[in-house]
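Peer 1: Listed below are the residues making up each chain.
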Amino acid sequence: DVKVTQSSRYLVKRTGEKVFLECVQDMDHENMFWYRQDPGLGLRLIYFSYDVKMKEKGDIPEGYSVSREKKERFSLILESASTNQTSMYLCASRLRAGVAYEQYFGPGTRLTVT
Amino acid sequence: RKEVEQDPGPFNVPEGATVAFNCTYSNSASQSFFWYRQDCRKEPKLLMSVYSSGNEDGRFTAQLNRASQYISLLIRDSKLSDSATYLCVVKTDSWGKLQFGAGTQVVVTP
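From first to last, the protein sequence lines stand for chains X and A.
Heads up: the first sequence runs through residues 1 to 114, numbered per my numbering.
Heads up: the second sequence runs through residues 1001 to 1110, numbered per my numbering.
Simulated from the structure, these hints should not be mistaken for lab results.
Where a beta carbon is used, it is the ideal one built from N, C-alpha and C, also for glycine.
Where hints are given, some of them may not hold.
Claimed, not checked - Once the Cα atoms are required to be at most 20 Å apart in a straight line, the calculated EDC-like pairs of lysine to aspartate or glutamate come out as:
1. Lys3/X / Glu1003/A
2. Lys1002/A / Asp59/X
3. Lys1045/A / Asp26/X
4. Lys1042/A / Glu102/X
5. Lys1097/A / Asp51/X
6. Lys70/X / Asp51/X
7. Lys57/X / Glu1003/A
Stated by the list, open to error - Chain A residues, not near chain X, derived (Cβ > 10 Å throughout):
8. Gly1009
9. Glu1015
10. Lys1042
11. Ser1052
12. Asn1055
13. Phe1060
14. Arg1066
15. Asp1077
16. Ser1083
17. Ser1094
18. Trp1095
Claimed, not checked - Computed footprint of chain X on chain A; a stretch qualifies when at least three of its residues, placed anywhere within it, have a C-beta under 8 Å from a C-beta of chain X:
19. 1016 to 1024
20. 1097 to 1108
Given these sequences and hints, build the entire structure.
Peer 2: Put into structure tokens, the structure is as follows:
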């Protein structure tokens, strides 16, 4: 079974803090994704990575950055947290585009910025 | 306009009944379609892919209508465990970027 884990289930941070969200997958997947999920808006893609050290902007990258130094780990960074970044953050991984498109999700991190 | 639109529900369904709901998508070049299921406070998980000719997986039937740009999901003989939010997902490019709908909530009652 594919397992995707995220570093925290719940996180509370103050405005202006730098926030790190980490995601690890154990199935040697090439592609990894960060989404945020908000009521009524569905999942929106923040960034994705199709391989180690590669990253691409998704639909809403502003205020975020990412890092992928190892294949199994994909980190999302909020450089200076703001209240409008309060959300559920979901990490996902996928074997490889063109081979399999199913994405496997982690349990999510509910981030509150006060 | 959202790329993928769903009726948020909730659809309240008696146990054993049938429920069906649709999802519309705006990009006519969309290539593949999926239904994901998300239980309360859990992560989304793939329920089934949607094929052009329609397909069944047990009590679940998915249909695609490319001309009208919608997909549907029908659940027969609803179980209490079917209570969840069902996410309509569309693959919009060759790389496999997915667009997610906001979900349709289904509540199955005894």
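Peer 1: Sort out whether Asp51/X lies within 20 Å of Lys1097/A, counting only the CA atoms.
Peer 2: holds (15 Å)
Peer 1: Would the least Cβ to Cβ distance between Arg1066/A and chain X come out above 10 Å?
Peer 2: Holds: least Cβ distance 18 Å, greater than 10 Å.
Peer 1: Mind verifying the non-interface call on Gly1009/A? Its CB should be farther than 10 Å from each CB in chain X.
Peer 2: The claim holds: Gly1009/A sits with its nearest Cβ about 12 Å from chain X, beyond 10 Å.
Peer 1: Closest CB-CB distance from Asn1055/A to chain X, is it above 10 Å?
Peer 2: holds (15 Å)
Peer 1: When you look at the beta carbon of Asp1077/A, is every beta carbon of chain X farther off than 10 Å?
Peer 2: holds (26 Å)
Peer 1: Confirm or reject: Ser1094/A is not an interface residue toward chain X, with every Cβ-Cβ distance exceeding 10 Å.
Peer 2: Given that some Cβ of chain X is not farther than 10 Å from that of Ser1094/A, nearest at about 8 Å, it is violated.
Peer 1: Are all C-beta atoms of chain X more than 10 Å from that of Phe1060/A?
Peer 2: Label holds. Min Cβ-Cβ 16 Å, cutoff 10 Å.
Peer 1: Please work out if Lys57/X and Glu1003/A have their alpha carbons no farther apart than 20 Å.
Peer 2: holds (18 Å)
Peer 1: Below or equal to 20 Å on CA atoms is what counts here, so check Lys1045/A against Asp26/X.
Peer 2: holds (17 Å)
Peer 1: Tell me if the straight-line CA distance from Lys1002/A to Asp59/X falls inside 20 Å.
Peer 2: holds (12 Å)
Peer 1: Beyond 10 Å from every chain X Cβ: check whether that's true for Lys1042/A.
Peer 2: violated (7 Å)
Peer 1: In terms of Cβ atoms, is chain X entirely out of 10 Å range of Ser1083/A?
Peer 2: holds (18 Å)
Hints 1, 10, 17, 18, 19 from the earlier list are contradicted by this structure; the remaining hints agree with it.
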